[in-house]
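> As a plain string of letters, each chain reads:
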Amino acid sequence: MRIGVPREIYTGEKRVATTPDVASQLIKLGFDVAVETNAGAAANYSDASYESAGCSVVSIDEVWNDSDIILKVRGPEDDEADRLKAGQTLISFLWPAQNPELLQKLTERGVTAMAMDSVPRISRAQKVDALSSMANIAGYRAVVEAAQHFGRFFTGQITAAGKVMPAKVLVIGAGVAGLAAIGAAKSMGAIVRSFDTRPEVKEQIESMDAEFLMLDFEDEDGSGEGGYAKVMSDEFIAAEMALFAEQAKDVDIVITTALIPGRPAPKLWTAEMVESMKDGSVIVDLAAEQGGNCELTEPEKVVRHHGVTLIGYTDMPSRLAAQSSQLYATNLRHLLTDLTPEKDGQIVVDMEDEVFRGATVCKDGETTWPPPAPKLSAAPPKAKPAPAPAPVVEKKRSVAGPIIGMVIAGLALLGLGAVAPASFMAHFTVFVLACFVGYMVIWNVTAALHTPLMSVTNAISSIIIIGALIQISSENEVIKWVAVATVLLTSINIAGGFAVTRRMLEMFRK
Amino acid sequence: MNIEGIISVSYIIATILFILALGGLSNQETARRGNWYGIIGMAIALVATVLGVVTHNYIPLFVALLVGGSIGLIAARRVQMTQMPELVAILHSLVGLAAVAVGFANFMDPDRLSHYVGVELTIHDIETYLGILIGAVTFSGSVIAFGKLSGRMSGSPLTLPGRHYLNLALLISAIWFAYEFVVQSAGGGGMQPLIIMTVIALLFGIHMVMAIGGADMPVVVSMLNSYSGWAASATGFMLGNDLLIVTGALVGSSGAILSYIMCRAMNRKFLSVIAGGFGTGGGTAAASSGEDQGEVVPIEAEETAE
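Chains as they are written, first to last, in the numbering used here: chain A, 1298 to 1807; chain B, 58 to 363.
Worth flagging that the hints you see were computed from the coordinates, not collected in a lab. Quantities reported herein were computed from a predicted structural model and do not represent experimental measurements. All C-beta atoms, glycine included, are put in the ideal place defined by N, C-alpha and C. All clues given are correct.
Over the 12 Å line for every Cβ pair with chain A, so calculated as not near, a few chain B residues:
#1 Val66
#2 Met210
#3 Ala231
#4 Ile232
#5 Trp233
#6 Ala235
#7 Tyr236
#8 Glu237
#9 Ile252
#10 Leu259
#11 Ala272
Label pairs and their in silico Cβ distance ranges:
#12 A:Ser1504 x B:Ile97: 37 to 45 Å
#13 B:Gly208 x A:Gly1407: 52 to 60 Å
#14 A:Ile1700 x B:Tyr236: 29 to 37 Å
#15 A:Gly1712 x B:Ile116: 45 to 53 Å
#16 A:Glu1772 x B:Tyr173: 18 to 26 Å
#17 A:Gly1712 x B:Asn84: 34 to 42 Å
#18 A:Ser1321 x B:Gly208: 38 to 46 Å
Generate the whole structure from the sequences, applying the supplied hints.
Laid out in structure tokens, this is it:
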């Protein structure tokens, strides 16, 4: 079958649906790949590079007329849709819920259309999940845009010319984009805080070394189906807004990524909050396309309001065209690999398969969207009442416990000192110090070395052989032979333990 | 020539080498050097003890050393990489068994009563008792861990009803027999409570590891490793040997920390792994483990496949 990759004609769209690298892998799957002239130019992929990867570079008419499969980034424009004909397969972003007319038109033309935005969010389909790839890029780019408009360093410095305070970044919504933004801002040296209605992302935020802003709300879990967020109660929103109002006075940069599937973006950042921010602050609204999380955002524009720059770009991935083309093309390739079980260049759209079923919006003149509800969501559905999130408990952990423990331990030691003979205390001192040495030495062990370390400590613990050696010269026959047996046992451990450790460490040799 | 002094210095060198070995093993670049430090340290300790302390019975000693050493080397060479954890587990059991044997041998030594009197005898007896107790737990626990890791036993946790109370009962009885033992030993007896305690400790070790699931076995092996260190340390107190005390404490504390780190790396709560069957501190940990267990969400095979 022949794959056609037309040039994106949407204004300002720089991405392309395949890259030379990916195209050569598609060819290995048995496909012919035809790329329209200059399709990759805006993303810095020249026609020559496609040709050297084995693609044919052809005119716009040939791409649309002679291809069995059309790969695109954006959904087809009107005149593009008119070029489609029955039997062709179109794979691109389609957003069927937002574009019912397009869906109808595609259905009428009899094409099989697969929407990359409708791939179900299950583990197996992660490699096909173009939304995540694009969100990742958007989050990264949001930080770059913010840095562009922010008149200061992100990182803190102490220089001869004075102290530079690090920028404070607030990321609202810690989904894929939010986490990417956290990572990018963190690596530029900023202090990053993040808020999300779903308590389970706390761990993810903290693993990125950012601070999770906690709301003292016990019963409400913002996780909806498929790992997305859901609408929260009024009280929750009020508490959330109070938190944001407080943060607004403190932070320099706000990146909002809050979206609820199938709804306009929640308004989280009010005009008053914008006004209370410091002059020179920057807000990047990644939800601008769905109306924006900030009241003052203007989609596709950068505006200044009260000394605050509001960035409402809706084409963040396209602004990193080479990167996003590469990731998107790889997502498409994974989908095509799954669609081509025989690797013979013939695609089989198996409607029993959850991934293909979810992605296919129309087939053979019939609309197949929306698909039946997915059987499993990303997080296990809460059948039983979920255990109340731990946060509240965690903050109030009392210091009394450890103190009481220490006092008891101290008293016990004093008691011991009062009765024990001097020789014992000398040994005991050595013992306690050795415990601390062991603790200090081990604390920073690399994860890969856990097993070798375990095995070397095991070998060392066979130092107990000294005990047997002390006893082996006894006059008592029983003691002597017990000691001999012990020497035998421990020497197995000594030799075995060190040899095993050595073998394990050999594996790490470069 | 001051033999005592030379032995002491050798022991100090051995101790330092062991510390360097542990420190070296916590980093990729120094790991292999660390292993060599350990080997050299062990060799120095052995040579110093054999030359300085041992006076008779060299022949059985060297035969035992040679036979044991070759068995160990062959086992280490033959074993598959994937069987490493179970080999380490079975090796632990040897240390546990050795601690028990040394403890009993020491207790049988008739000079004991003339050496120690009063408080010293009590402390000495408690040390002996502890060494054997920990050694026995290490031994039986390691054997079970080996069984679970090698697939000779089912990996699923065995949860007897009221197992925390069972453990508590075992612990209390162990303390009771400790008292009995100390009292009887002052009068020259004490073998009976010592043996009963050993059996209790063996049961305790079995029950403890049986209650922990197969996936948590690496942590358990590391915990047992820590125990084998404490056993060596207790033996050191018993024999008044600083090398044993220090090395045992090193192994004990580093093993405990290592198991904690491993739990953290696997995103498991330390207590819920260890208190899956018992608590190190006895009653308190056993009581709290009830709550900890709620955190484990079992995953169906289907979900995993998705």
